[in-house]
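Visitor: My request is simple: use the sequences and hints to build the entire structure.
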Amino acid sequence: MVAQAINGALRRVPAWPLYPLGMLPAVWLWYLGLTGGLGVEPIKALEHELGKLALQLLIAGLCITPLRRFTGINLIRYRRAIGLLAFFYVLMHLLVWLILDVGILSQIWADILKRPYVTIGMVGFLAMVPLALTSNNWSLRKLGPVRWRRLHWLTYVAAIAGAVHYMWLVKSWPLEPILYCLAVAVVLGLRLLPQRRRAPVRASDSPA
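Quick note on the working numbering: the sequence shown kicks off at 96 and runs consecutively.
It is possible that part of the hints are untrue.
[Said to hold, decoys possible] Between beta-carbon pairs, the in silico distance windows are:
1) Leu195 - Met96: 49 to 57 Å
2) Leu190 - Arg164: 33 to 41 Å
3) Arg164 - Ala110: 14 to 22 Å
Please keep in mind that the hints were generated in silico from the structure rather than gathered at the bench.
Predicted model, so just to flag it, every value in this text is computed and none were measured.
Where a beta carbon is used, it is the ideal one built from N, C-alpha and C, also for glycine.
Guide: Following this line, the structure appears as structure tokens:
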């Protein structure tokens with residue numbers, strides 16, 4: 096009954112406000128970077144925080160199906176926005192690294208090829224590109240529900256790659272990246288549990 100009440104209230108809340116609200120942390124981080132609020136290495140700090148926000152959004156998007164399955168609370172209509180915001184933050188994370196951190200094309204390719212955490216991070220980004228490009232009704236109609244859904248399984252690749260990228264990046268075993276890896280493992284494990292009834296595929300019903 097609680098879930099029904101929550102779902103009833105959520106039906107009156109549109110998804111579009113998530114886009115401007117979701118971009119506010121990026122605006123705040125850029126402001127801090129420009130005003131000295133990110134410490135002695137603002138570029139590194141900005142890059143780190145943008146990547147962490149992307150991973151958090153990926154995990155949040157993956158939580159929507161287990162939440163609906165085990166509690167009845169339906170946030171499906173917000174999943175596309177969450178997924179596109181995750182891609183927005185991944186793209187900014189990548190651009191900060193490419194332009195502000197490295198800035199030398201030969202060094203960029205060297206890092207991608209020689210540094211495992213950069214390689215796996217690039218894999219995660221490339222997995223998210225087709226997800227962002229097909230997060231629309233036209234792509235669902237063009238691909239068909241089955242192929243569209245299978246394509247969006249790339250969300251799992253992106254989440255795993257993001258968590259591993261964060262773990263390898265810190266080059267030690269602090270608690271925070273371990274918790275992110277555990278969160279991804281738990282959420283994916285819950286999603287793999289047998290589903291008693293398959294819900295119809297809708298335009299917003301993406302793993303992203």
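Visitor: Of the numbered hints stated previously, which ones are contradicted by the structure, given in increasing order?
Guide: As far as the earlier hints go, not one is violated by this structure.
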